[in-house]
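2 protein chains.
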Amino acid sequence: MEITEISGVECAGIREKYGLGIVRCRGFVAGVFTKNRIKSASVIVCKDHIADGRIEGLIVNSGNANAFTGEKGIENARKMCRILASLMKCDEREIAIASTGIIGRQLDMDWIEKKIPEVYSRLGKTKRHAEDFAKAIITTDRFPKKAYSKYPRISAVAKGAGMISPNMATMLCFIFTDAKFDSGELYEMLKEAVDLSFNRLIVDGDMSTNDTVLLISTARERVNRDDFQNALNGVCLNVAKQIAMDGEGATKLVEVFVEGAKNNCDALRIARAIASSLLVKTAIFGNDPNWGRIVAAMGYSGADVDEKVDIIFEGVSEVKLVEDGVPTGREEYAREILRKSDEIKIKVKLNKGNGKGYAIGCDLSYDYVKLNSEYTT
Amino acid sequence: MEITEISGVECAGIREKYGLGIVRCRGFVAGVFTKNRIKSASVIVCKDHIADGRIEGLIVNSGNANAFTGEKGIENARKMCRILASLMKCDEREIAIASTGIIGRQLDMDWIEKKIPEVYSRLGKTKRHAEDFAKAIITTDRFPKKAYSKYPRISAVAKGAGMISPNMATMLCFIFTDAKFDSGELYEMLKEAVDLSFNRLIVDGDMSTNDTVLLISTARERVNRDDFQNALNGVCLNVAKQIAMDGEGATKLVEVFVEGAKNNCDALRIARAIASSLLVKTAIFGNDPNWGRIVAAMGYSGADVDEKVDIIFEGVSEVKLVEDGVPTGREEYAREILRKSDEIKIKVKLNKGNGKGYAIGCDLSYDYVKLNSEYTT
Numbered sequence: 001m002e003i004t005e006i007s008g009v010e011c012a013g014i015r016e017k018y019g020l021g022i023v024r025c026r027g028f029v030a031g032v033f034t035k036n037r038i039k040s041a042s043v044i045v046c047k048d049h050i051a052d053g054r055i056e057g058l059i060v061n062s063g064n065a066n067a068f069t070g071e072k073g074i075e076n077a078r079k080m081c082r083i084l085a086s087l088m089k090c091d092e093r094e095i096a097i098a099s100t101g102i103i104g105r106q107l108d109m110d111w112i113e114k115k116i117p118e119v120y121s122r123l124g125k126t127k128r129h130a131e132d133f134a135k136a137i138i139t140t141d142r143f144p145k146k147a148y149s150k151y152p153r154i155s156a157v158a159k160g161a162g163m164i165s166p167n168m169a170t171m172l173c174f175i176f177t178d179a180k181f182d183s184g185e186l187y188e189m190l191k192e193a194v195d196l197s198f199n200r201l202i203v204d205g206d207m208s209t210n211d212t213v214l215l216i217s218t219a220r221e222r223v224n225r226d227d228f229q230n231a232l233n234g235v236c237l238n239v240a241k242q243i244a245m246d247g248e249g250a251t252k253l254v255e256v257f258v259e260g261a262k263n264n265c266d267a268l269r270i271a272r273a274i275a276s277s278l279l280v281k282t283a284i285f286g287n288d289p290n291w292g293r294i295v296a297a298m299g300y301s302g303a304d305v306d307e308k309v310d311i312i313f314e315g316v317s318e319v320k321l322v323e324d325g326v327p328t329g330r331e332e333y334a335r336e337i338l339r340k341s342d343e344i345k346i347k348v349k350l351n352k353g354n355g356k357g358y359a360i361g362c363d364l365s366y367d368y369v370k371l372n373s374e375y376t377t
Numbered sequence: 001m002e003i004t005e006i007s008g009v010e011c012a013g014i015r016e017k018y019g020l021g022i023v024r025c026r027g028f029v030a031g032v033f034t035k036n037r038i039k040s041a042s043v044i045v046c047k048d049h050i051a052d053g054r055i056e057g058l059i060v061n062s063g064n065a066n067a068f069t070g071e072k073g074i075e076n077a078r079k080m081c082r083i084l085a086s087l088m089k090c091d092e093r094e095i096a097i098a099s100t101g102i103i104g105r106q107l108d109m110d111w112i113e114k115k116i117p118e119v120y121s122r123l124g125k126t127k128r129h130a131e132d133f134a135k136a137i138i139t140t141d142r143f144p145k146k147a148y149s150k151y152p153r154i155s156a157v158a159k160g161a162g163m164i165s166p167n168m169a170t171m172l173c174f175i176f177t178d179a180k181f182d183s184g185e186l187y188e189m190l191k192e193a194v195d196l197s198f199n200r201l202i203v204d205g206d207m208s209t210n211d212t213v214l215l216i217s218t219a220r221e222r223v224n225r226d227d228f229q230n231a232l233n234g235v236c237l238n239v240a241k242q243i244a245m246d247g248e249g250a251t252k253l254v255e256v257f258v259e260g261a262k263n264n265c266d267a268l269r270i271a272r273a274i275a276s277s278l279l280v281k282t283a284i285f286g287n288d289p290n291w292g293r294i295v296a297a298m299g300y301s302g303a304d305v306d307e308k309v310d311i312i313f314e315g316v317s318e319v320k321l322v323e324d325g326v327p328t329g330r331e332e333y334a335r336e337i338l339r340k341s342d343e344i345k346i347k348v349k350l351n352k353g354n355g356k357g358y359a360i361g362c363d364l365s366y367d368y369v370k371l372n373s374e375y376t377t
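Protein chains in written order, with our numbering: chain A, 1 to 377; chain B, 1 to 377.
Simulated from the structure, these hints should not be mistaken for lab results.
Just so we're clear, the structure is a prediction, and the values are computed from it rather than from any experiment.
Worth double-checking, as some hints may not be accurate.
As the list claims (entries may be wrong) - Below 25 Å or equal to it, Euclidean Cα-Cα: the simulated PhoX-like pairs (lysine-lysine) are: (1) A/K35 / B/K370; (2) A/K308 / A/K135; (3) A/K320 / B/K72; (4) B/K146 / B/K79; (5) A/K352 / B/K72; (6) A/K72 / B/K320; (7) A/K72 / B/K308; (8) B/K308 / A/K79; (9) A/K262 / B/K262; (10) A/K370 / B/K47; (11) B/K352 / A/K345; (12) A/K308 / B/K349; (13) B/K35 / A/K349; (14) A/K308 / B/K79; (15) B/K47 / A/K35; (16) A/K72 / B/K47.
Stated by the list, open to error - Listed next, with one range per pair, are the computed distances between beta-carbon atoms: (17) B/K47 / A/A51: 34 to 40 Å; (18) A/R54 / B/V316: 33 to 39 Å; (19) A/R15 / B/V316: 38 to 44 Å.
Stated by the list, open to error - Anything over 10 Å on all C-beta distances counts as not near chain A; from chain B, calculated: (20) N36; (21) I102; (22) G104; (23) R105; (24) D108; (25) T209; (26) D288; (27) D304; (28) E307; (29) S317; (30) D342.
Ideal Cβ placement from N, Cα and C applies to all residues, glycine included.
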């Protein structure tokens with residue numbers, strides 16, 4: 001289900017000098033943004049604008065992050081909103097904005113000013129319109145990310161591939177629904193969904209200046225709040241996994257499940273340490289069931305751990321590599337599973353308590369290095 | 001100056017199924033070990049043995065970390081010490097031990113037991129003996145690491161290439177001196193030197209189960225303590241830089257200098273965040289002066305930062321890329337410098353206070369991925 005299938009949502013996008021996308025979506029809005037102390041001008045302006053909880057439209061550009069651009073960057077972000085607001089005949093504070101791309105360069109505002117009316121004139125509700133918008137917002141992504149729930153109706157479109165760490169990172173995610181909630185309710189639900197999905201996502205540990213997740217409701221239909229929360233959690237987790245799958249150069253999705261930790265906090269630390277470990281990530285890329293690196297990551301996670309653990313790999317089938325601290329010697333079988341699987345689950349069981357934790361990551365390949373050493377300033 | 005040039009130090013080493021090295025070094029000893037909660041059997045036994053502060057000999061193997069090997073691993077580590085102690089006619093607690101290599105496999109003790117007497121019989125004081133020992137302890141290192149001070153006489157030998165993070169990681173470093181200090185004094189001085197060198201070193205953020213730094217004094221000559229501390233700091237920093245240079249797949253040494261932070265703690269956070277950033281590391285590999293990634297790393301370091309910074313790259317010459325928060329547009333010149341330099345200094349100046357910080361790292365190349373996806377269990 002495309003975002004344009006949500007009633008009240010129209011969009012358009014182009015990909016030329018920059019990507020430029022526009023959405024018309026009168027309703028309520030809530031947002032979660034980067035925790036990086038250096039925030040892009042678009043994040044600063046967007047946070048300010050959506051504080052009122054009302055939205056008429058959204059403008060997004062890719063190719064230039066409008067970050068580290070000082071006062072001029074802020075002016076440019078406001079100007080983008082103002083131009084769209086005048087076309088939409090609304091207040092500029094009812095326009096949300098997001099940017100992604102290179103840091104430290106001023107936007108080419110001549111191009112932007114010329115193109116906003118052009119993109120605006122193309123707004124529409126077909127699948128093609130949704131696809132154009134999705135393509136307009138991506139950077140090094142191999143594919144646009146989309147996820148939806150049929151009922152309650154939720155449709156999300158996202159970009160994100162590199163620079164992904166816990167606490168989000170260069171990802172933009174725009175989630176639309178016709179379920180009727182005010183902006184306060186939307187914020188609470190978005191916060192929970194983000195904590196359980198994007199905040200568990202680790203590609204390379206870097207956190208961007210531009211992360212933006214917006215939840216926008218066109219407020220057409222009353223929906224049970226628990227149902228909506230569940231559906232929203234599912235949509236966000238689905239998008240997060242797609243981002244991990246598209247981690248720059250990633251060949252495998254890696255999910256880490258920890259149980260039996262002292263508490264949930266410890267379990268999350270362990271899960272994140274494993275999903276973040278470059279040595280674990282490169283081993284997975286090499287189809288190498290190197291559980292020693294998992295043990296090492298557990299050990300430095302800061303959590304209370306000892307050697308009495310189970311370590312299980314699951315792909316096309318499952319294999320226990322360590323049982324109660326004793327290696328089972330089943331590496332060859334595990335290697336076979338790794339070779340055949342695009343999605344790997346690493347399960348770690350401790351005997352410290354009832355803590356459970358989860359993290360999402362991906363492997364680390366030559367292409368990660370290639371993409372990031374050649375993506376130029 | 002080789003370790004064998006320290007009076008009272010003899011050594012030998014072989015490289016066959018495993019590397020195996022032995023040092024005779026009657027005197028005082030102090031050690032700093034991994035902070036990983038999962039510690040190798042050799043670390044557990046070594047900590048126990050050197051607690052008395054006296055040492056007669058040291059035994060080191062490479063190729064098998066003797067980590068995650070349970071009670072049997074501990075027994076094997078003790079047995080290695082016992083065999084050497086019987087040859088050296090001392091107490092087994094006067095033998096220090098270290099291991100590095102694959103985690104989770106029991107040592108082939110038949111091989112070890114057969115080879116200890118053989119290596120022991122080769123102990124000697126020539127340059128060749130020192131070289132044999134240095135080669136015996138390395139794993140994926142491209143070269144053994146050595147550093148020395150002529151006076152006070154200090155000579156160090158080390159291994160370490162991958163899995164290096166703040167708080168050390170798979171590195172072994174054995175530092176010998178004839179300066180007369182007791183084990184308590186040695187410990188205090190070693191702690192300071194390690195804090196200023198190995199604990200600033202970042203290759204991939206993983207921390208091993210086996211890190212061991214020993215400072216061994218054969219106690220022949222009285223030396224001024226301040227002189228010794230300075231010399232020791234220099235030796236450790238020299239070794240740390242060699243390890244960064246030999247970071248798996250590294251092509252460039254990267255030193256990060258931060259000044260003007262709110263305090264030293266903030267400055268160190270910023271320095272570490274920059275040196276750890278995969279995006280910064282891959283950019284340096286690609287000769288890409290992508291200061292935007294430096295800004296992003298500063299922003300998520302947790303330190304108090306704003307955009308009013310200077311960012312300077314220094315290699316064969318120096319270039320200011322950002323001045324008081326404004327990009328200078330000198331990327332092409334910076335690219336040229338990166339291309340021509342094996343050693344890069346990244347200097348960041350803030351206006352928050354007098355905090356200074358320093359970190360050592362390296363770039364991230366294809367070969368990092370290659371080495372770590374193919375170094376097999």
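Going down the list of hints, with the structure as the test:
1. Proposed proximity of A/K35 and B/K370 is contradicted: the alpha carbons are some 33 Å apart, above 25 Å.
2. Proximity of A/K308 to A/K135 is assessed by CA-CA distance (about 48 Å); at most 25 Å being required, the pair is judged violated.
3. Among the hinted pairs, A/K320 with B/K72 is consistent with the structure: their alpha-carbon atoms are about 21 Å apart, no more than 25 Å.
4. Between the alpha carbons of B/K146 and B/K79 the distance comes to roughly 29 Å, so the proposed pair goes past 25 Å and is violated.
5. Distance hint between A/K352 and B/K72 is fulfilled; the C-alpha atoms sit about 23 Å from each other, no more than 25 Å.
6. Proposed proximity of A/K72 and B/K320 is supported: the alpha carbons are some 21 Å apart, at most 25 Å.
7. For the hint linking A/K72 to B/K308, the alpha-carbon distance of about 15 Å falls within 25 Å, and the restraint holds.
8. Under the criterion of a C-alpha separation no larger than 25 Å, the hint pairing B/K308 with A/K79 is consistent with the structure, at around 24 Å.
9. Our distance criterion of 25 Å between C-alpha atoms is broken by A/K262 and B/K262, whose separation comes to about 36 Å.
10. In summary, the hint linking A/K370 to B/K47 is not supported, as the alpha carbons are separated by about 43 Å, beyond the 25 Å threshold.
11. Simply put, B/K352 and A/K345 have alpha-carbon atoms about 45 Å apart, too far for the 25 Å limit, and the pair is violated.
12. Under the criterion of a C-alpha separation no larger than 25 Å, the hint pairing A/K308 with B/K349 is inconsistent with the structure, at around 47 Å.
13. Restraint check for B/K35 and A/K349: the C-alpha separation of about 22 Å stays at or below 25 Å, so the hint holds.
14. At roughly 24 Å between alpha-carbon atoms, A/K308 and B/K79 fall within 25 Å of each other, so this suggested pair holds.
15. Between B/K47 and A/K35, the direct Cα distance comes to roughly 41 Å. Violation of the 25 Å bound is thereby established for this hinted pair.
16. With a C-alpha separation of about 58 Å, the suggested pairing of A/K72 with B/K47 is violated against the 25 Å cut-off.
17. Between B/K47 and A/A51 the C-beta distance comes to about 55 Å, which lies outside the given range of 34 to 40 Å.
18. In this structure the hint that A/R54 and B/V316 lie 33 to 39 Å apart at CB is violated, the actual value being about 56 Å.
19. The hint said 38 to 44 Å for the Cβ distance between A/R15 and B/V316, and at roughly 40 Å that hint holds.
20. The claim that B/N36 lies off the interface is violated: its Cβ sits roughly 4 Å from the closest Cβ of chain A, which falls inside the 10 Å cut-off.
21. For B/I102, the shortest C-beta to C-beta distance to chain A comes to about 6 Å, within the 10 Å cut-off, and the non-interface label is violated.
22. With a least beta-carbon separation of about 5 Å from chain A, B/G104 fails to lie farther than 10 Å from that chain, contradicting its non-interface assignment.
23. The Cβ of B/R105 does not lie farther than 10 Å from every Cβ of chain A; its closest approach is about 7 Å, which violates its non-interface assignment.
24. For B/D108, the requirement that its beta carbon stay farther than 10 Å from each beta carbon of chain A is met, with the minimum near 15 Å.
25. A beta-carbon of chain A comes within 10 Å of the beta-carbon of B/T209; the shortest separation is about 6 Å.
26. The beta carbon of B/D288 sits about 5 Å from the closest Cβ of chain A, which is not more than 10 Å, so the claim that it is off the interface is violated.
27. Remark: the non-interface label on B/D304 conflicts with the geometry, its nearest Cβ contact in chain A lying 8 Å away (cut-off 10 Å).
28. Annotated as non-interface, B/E307 brings its C-beta within 10 Å of a C-beta of chain A; the closest such distance is 6 Å.
29. At roughly 19 Å from the closest C-beta of chain A, the C-beta of B/S317 stays outside 10 Å, upholding its exclusion from the interface.
30. No Cβ of chain A approaches the Cβ of B/D342 within 10 Å, the least distance being about 16 Å, so the stated non-interface status holds.
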